[in-house]
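Top line first, the protein sequences correspond to chains G and C.
For the first sequence, position 5 (counting from the first letter as 1) is numbered 5 according to the working numbering, and the numbering increases by one without interruption.
For the second sequence, position 199 (counting from the first letter as 1) is numbered 337 according to the working numbering, and the numbering increases by one without interruption.
No lab work stands behind these hints, which were simulated from the structure alone.
All values derive from a computational prediction rather than experimental measurement.
Cβ coordinates follow ideal geometry from the N, Cα and C atoms, glycine included.
Treat the hints with caution; some may be incorrect.
[Unchecked claim] If you only want the chain C side, here are some residues facing chain G, beta carbon under 7 Å, derived: (1) Ile-348; (2) Ile-365; (3) Asn-409; (4) Glu-432; (5) Ala-435.
[Unchecked claim] Covered by chain G, according to a simulated footprint, are these stretches of chain C (three or more residues, beta-carbon under 8 Å): (6) 234-241; (7) 278-285; (8) 425-431; (9) 442-448.
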Amino acid sequence: MTGNNHDPKIVGFLCNWCAYSGADLAGVSRLQSSPSLRPVRLMCSGRIDPGFVLSAFRSGADGVLMVGCHPGDCHYTEGNYRALRRKLMLDRALDGFGIDPKRLRLEWISASEGEKYARVSWEMEEQIRELGPLELQR
Amino acid sequence: MTTETITKPKLALYWAASCGGCEIAILELYEKVLDVADAFDIVFWPVALDTKYADVEAMEADSIDLCLFNGAIRTSENEHLAHMLREKAKVLVAFGSCAAEGSIPGLANTTTKDAIYDWVYHQSPTTVNPDGVVPLTSFELPEGEVDLPEFYESVRTLGQTIDVDYFIPGCPPEAHQIWAVVEAIVSGAELPPPGSIIGAGDKTVCEECIREREEKHLTGFVRPHQIIADPELCLLDQGIVCMGPATRSGCGGLCVGAGMPCRGCYGPPPNVLDQGANMMSALSSAIDAHSEEEVAAILDQIADPVGTFYRFGLPHSTLGRVQP
Chain G
1 MTGNNHDPKI VGFLCNWCAY SGADLAGVSR LQSSPSLRPV RLMCSGRIDP GFVLSAFRSG
61 ADGVLMVGCH PGDCHYTEGN YRALRRKLML DRALDGFGID PKRLRLEWIS ASEGEKYARV
121 SWEMEEQIRE LGPLELQR
Chain C
139 MTTETITKPK LALYWAASCG GCEIAILELY EKVLDVADAF DIVFWPVALD TKYADVEAME
199 ADSIDLCLFN GAIRTSENEH LAHMLREKAK VLVAFGSCAA EGSIPGLANT TTKDAIYDWV
259 YHQSPTTVNP DGVVPLTSFE LPEGEVDLPE FYESVRTLGQ TIDVDYFIPG CPPEAHQIWA
319 VVEAIVSGAE LPPPGSIIGA GDKTVCEECI REREEKHLTG FVRPHQIIAD PELCLLDQGI
379 VCMGPATRSG CGGLCVGAGM PCRGCYGPPP NVLDQGANMM SALSSAIDAH SEEEVAAILD
439 QIADPVGTFY RFGLPHSTLG RVQP
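So that you can see chain G by itself, here it is in the shape it has in the complex (with noise of 0.2 Å):
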């Protein structure tokens, strides 16, 4: 499958605080979010380990979506900054790769920001459409 046909798989990796509940709000408030978006709760964006989102990849992921509180709320103080250097850190390795950095994204969600959560998670999907499916060679 190639073009915009594919059904895209995106990882996501949410925050206990802020980014799950924001989608936990969208979904109580009937926002649709993109079926794509496979959520992972951790309790800290700064959880996020770069191991998480190459194995994500390597296990046939196509996108992978990062989220955390926005700057200077995180619930641990400084786990979202970590979360930023280590998304700037993995788009470097991932050029290095050969897999667009594109397939990555870094966003801040507020618990109050349902709306904001269901639409990042359809302009992902549409981001991942138009890359195609990520096929990684050994």
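Using the hints, position chain C against chain G.
Chain C alone, transformed into the frame defined by chain G:
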């Protein structure tokens, strides 16, 4: 004398895609290498003995007691010998970083077979090849057909090719670590469960490093030739990318002790699957910057992230190769 030879355990050593440094590491046992020769009947060692593949092929299954296999799997010849030695050896050890993780030959996974052939046989300035001759797997001559092993698209580790009993990391493994393993096997001591990494530590190189560490607040990176590093302080604290935090201990901190950063040859520490990801995580935590622009400016100072973080383990890593 004859009966003694028969009762000695049989040892085989092989090199696949490697540089020969692992063989030299065995000679670094110095006079103890004579004890190895005393304890074992060395039945196959292409670098030192005139033994042929046919000799190994003629042996019965499980007739070799210990095989130390160094080198990565680059060609069909490497793969063929891996399968053959697996069948003939009771205990097969991936010896050294190439066999265990792919190591320096594995950096070829940053490019493709076509690109390698193009450079080696056509483009490199020292190549004179007006007829454009390239190696073929088989070629017809008046005398008959001749063949060469196939050069694979990607380098793989020994463990990705066959079942491996133990892994001894290091580029090359340290002599005292090799000796400890040989001694354990000779003495009949209880061996760790199959699949274990032996002849190495279970912490990181930082634990063996003699340099003084402080809490890390990195504001930039330099390459080793750009500064005169303080001989007492942690190299990473001085902005040199040192793989110590993401590398298994066991070498005794040799490189850092000599003023060079750790390059990661002992592979990932225990419970870490991907050495490069582990290093990216460690560096990201140590950088003291909060805005996207600041962080990006600092990270742009790291030359060749994939080649640096995966210098010894690209084939073994999660992604395995750079996508062509």
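Quiz prompt | Ile-348/C as an interface hint toward chain G, with CB separation required under 7 Å | solution = With Cβ-Cβ at 28 Å, over 7 Å, it is violated.
Self-check item: Three-residue Cβ test at 8 Å for the coverage of the region 442-448 of chain C by chain G
Solution: holds (count 5)
Quiz item: How about Glu-432/C: closest beta carbon in chain G under 7 Å, or not?
Solution: Interface hint status for Glu-432/C: violated (10 Å vs cutoff 7 Å).
Quiz prompt | Restraint outcome when Asn-409/C is required to lie within 7 Å of chain G by C-beta distance | solution = Violated, because the Cβ-Cβ distance from Asn-409/C to chain G comes to roughly 11 Å (cut-off 7 Å).
Self-check item: Whether chain G covers the region 278-285 of chain C (at least 3 residues having a Cβ closer than 8 Å to its Cβ atoms)
Solution: violated (count 0)
Exercise. Verify the interface restraint on Ala-435/C: the C-beta must sit less than 7 Å from at least one C-beta of chain G.
Key: Not OK, violated: Ala-435/C not within 7 Å of chain G, min 10 Å.
Exercise. Report holds or violated for the interface hint on Ile-365/C, using the least CB-CB distance to chain G and a cut-off of 7 Å.
Key: violated (22 Å)
Quiz prompt | Proximity test - 8 Å, beta-carbon atoms, the region 425-431 of chain C to chain G, at least three hits | solution = holds (count 4)
Quiz item: Taking a Cβ-Cβ distance under 8 Å as contact, does the region 234-241 of chain C have three or more residues in contact with chain G?
Solution: violated (count 0)
Hint compliance for this structure: hints 1, 2, 3, 4, 5, 6 and 7 are broken, all remaining hints hold.
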